[in-house]
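Engineer: Chains as they are written, first to last, in the working numbering: chain A, 1 to 369; chain B, 1001 to 1405.
Some hints here could point you the wrong way.
To be verified - What follows is a list of derived Cβ distance ranges for each label pair:
{"#": "1", "chain 1": "B", "residue 1": "VAL1037", "chain 2": "A", "residue 2": "THR184", "range": "45 to 51 Å"}
{"#": "2", "chain 1": "A", "residue 1": "PHE350", "chain 2": "B", "residue 2": "ARG1284", "range": "17 to 23 Å"}
{"#": "3", "chain 1": "B", "residue 1": "GLU1059", "chain 2": "A", "residue 2": "LEU135", "range": "43 to 49 Å"}
{"#": "4", "chain 1": "B", "residue 1": "GLY1147", "chain 2": "A", "residue 2": "SER178", "range": "39 to 45 Å"}
{"#": "5", "chain 1": "A", "residue 1": "SER178", "chain 2": "B", "residue 2": "TYR1049", "range": "22 to 28 Å"}
As the list claims (entries may be wrong) - Among chain B residues calculated to face chain A with C-beta under 8 Å, some are:
{"#": "6", "residue": "LEU1050"}
{"#": "7", "residue": "ALA1054"}
{"#": "8", "residue": "GLN1236"}
{"#": "9", "residue": "VAL1328"}
Simulated from the structure, these hints should not be mistaken for laboratory data. Where a beta carbon is used, it is the ideal one built from N, C-alpha and C, also for glycine.
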Amino acid sequence: MSNAPADRSALGSVRNWIANIGRIPRLVIGALLASMFVGAMINVLMPGTRPATVAGIFNVSFVESTLRISVPIVFAGLGGIFAEKSGVINIGLEGLLIISAFTAVAVTHLLGGDAQSAVWIGLFAGVLASTFLALVFAVLVIEFRADQIIAGLAIWLVGLGLGPFLSIVIWGSVNSASISTLNTVTVPGLSQIPVLGPIIFDASPIVILMLVTIVVSWFVLNHTSFGRWIEASGENPSSLDTAGVNVHRVRYVGVVLSGVLSGFGGAGLVVGRAGRFIGSGQTMIAGDGFIAITTYLFGNYNPLGTAAAGILFAGLDALQIRLQQIAFIPAPSELIRLVPYVSVIIVLAFVGYTRIPSEVGEHYESGEE
Amino acid sequence: MSDRQYPAPVQRFFRFFVGNSVVERILISIAALITAVIVSSLIVLAAGYLSGEAYNPLEIFAVLVNGAFGSPFDLDSARLFTEGWSPVNFSMGTTLKETTLLIFAGLAVAVAFRGDLFNIGVQGQLVLGGLAAALALVWVAPFVPGGLVGSLLLIPFGLLVGAIVGGLYGAIPGALKAYADANEVITTIMLNTIATGTAFFLVSAYFADPTLQSVKTKAIPDVARLNGIIFPQGGQFSLVALVLALLATVGVYYVLRYTSFGYDLRVSGKQAKAALYGGANAERMVVSTMSLSGALGGIAGAMWSMMVIGAWRQGVPSIGFDGITVSVLAGNNPIGVIPASLLFGVLKGGSNAINFQLGVPPELVAVLRGMIILFIAMPEAFRMLGNRLGIKPSQAAVTGGGGDE
């Protein structure tokens, strides 16, 4: 966030966000930063010891894998903000992630599966599929006044049904064949910066896109009139109506944006990292869409806070994978894997009620009917 | 409190189904079903095109329904009926087995919905209830006499353990909602994953049958199992279980309709303030509703362990999620849960037939499930269509769904 014009307000917003994020998240993030610092110190002061082995987990490659894991959660979380701020809770983010992941793999596969161009086309096909499903959801809740929770649930179940079914049709198994992933983008010069260089300037294009999207979402929501419309549409739609802005149209855009962003999340997961679609059980998405909902409640609808929460959950996941590789840590991997889920519940129990936009879930009918 | 978090959709949903005539409710469910079948047929056609095989949707649905009952109709020849067909057959057993489990899971979701709570956590309650029942029966069975006496003692005991554990696990999101204002939709989804992970860990670390490679408990002794009486032993279906499921349906209907607890539950779902003035403790109501819901889910899990598997093993099927579909299709009416469960039982029972006879992946059923919910979610569309076709909505429908306050 070193771009000059937004710098001052960005800093102010970060301060603002830290102030209104709530006590528990602040503690969690503080503890994480502190433990990273302590870890670094241990590593420097007593190399080769067991504490140093544990501390050695927190290196550049740990941050890189955290960012890669966070892709679906962060994108879906950002998308969820646009939908819910506009007054439509999109509980179907999970389904959007599944359908985009599947479509990206399927299209890439049908185009040969190897060429970089095919992978890029697959990415955008995935985004398109997710956007279309989100549009169906929008028509349902805005045009046909469907119950938002039930309709969102339906979107999830449609994704959960279609992904594995079509996988079997194409590959004869709920799991797909492998496809290539996107090549890493290296920015000459900047990638030589210590620590930050390899993380940001020598990374998967999806990760770079995610970091850019976080900042753009924050800017759009806080510094454009469209951002104010989205907010008014969720908080006080009749005033927006009075101001001459079509509430339905704003909500359509909010929901469709949640589809576009979730599409980058799901498709980005497969073309950036996984290279295949896994459709067994709850599919490879495995609840990331629901965790995304928690991240924006956690981040109080602020894209920066939401992304931080998403990266935090992804970090727990990355940590869990690494702890499994250290022989002398006795904790069973099945339990460590549950840490993100348990922490969501603890956070919700302490933070409890997040102030959601007042008109979320309410159908809005302008007076002219 | 309960009208602060996502209240409107659930409340409007509730108001819609309660305010409308039963007839309209049924019509909308049927219209949604038909639309779901049509759209799924189009998907099947597209899928057939994609895979290079010519799928015929009409044939698929005919084989699906026919297969679910053990093929009473002879679809391949001019004869109408299959020779030698008997209602007691393996496929019929599978269909009724699924129906039985879905009745309990559907009731669990419906009870919560009636109290304005969305219990997506039935799956987790079911997993832990099933595990607890299996473990308890493995431990207790050696101390109980065999024969009919043993069965009469052990089967209710197993179901009770399942109900208690499921109920306690359901109480957690209830208490979080009541006392910490944590949204139950999110907490129950998280608790599902936690339940599955914890059960997997417990069994693999402590309770696994050492003679097996898989994550599976020791077998429940035969005396404590719900075995087939009329249906074949290997069919994993017991008529006793189905009768229990029907009794539970009547029981839930009675409790909701004729007891003061049921009254408080329904009123706190519909009108939280009114319930408060009526003397109901809103917080406790939320916890008890979720506990009752979880207990029904726990029984579904115990049934799965005691009837289907004869132990607990990892990879519990998604009965809890299907319960949501059943409840939504039934308009959250306990009696409606029976036909809705039968419908999904048929879909599951027939999914093997379409796989074996036509080579269509049984996962098609999950597509249908999604489509059904999708169209059930849009009653307004069918009402608009109905108006255009000249079917006037009933008076109750106008006050219930149309003009909100």
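Engineer: Please go over all the hints and tell whether each is borne out by the structure.
Structural biologist: Results of checking the hints against the structure:
Here the CB-CB span from B/VAL1037 to A/THR184 is close to 47 Å, well matched to the stated 45 to 51 Å. For A/PHE350 and B/ARG1284, the hinted distance range of 17 to 23 Å is satisfied, since their beta carbons lie about 22 Å from each other. Between B/GLU1059 and A/LEU135 the beta carbons are some 32 Å apart, a value that contradicts the proposed interval 43 to 49 Å. Separation of B/GLY1147 from A/SER178 is about 57 Å and departs from the stated range, judged on CB atoms against 39 to 45 Å.
Between A/SER178 and B/TYR1049 the Cβ separation comes to about 25 Å, which falls inside the hinted range of 22 to 28 Å. Interface hint at B/LEU1050: satisfied, since its Cβ lies 6 Å from the closest Cβ of chain A, which is below the 8 Å cut-off. A distance limit of 8 Å between C-beta atoms decides the matter here; for B/ALA1054 the minimum to chain A is near 13 Å, and the interface restraint is violated. Checking B/GLN1236 against chain A: minimum C-beta separation of about 21 Å lies over 8 Å; hint violated.
The beta carbon of B/VAL1328 is positioned within 8 Å of a beta carbon in chain A (closest approach about 6 Å), and the interface hint is therefore held.
Violated hints, in rising order: 3, 4, 7, 8; the structure is consistent with all others.
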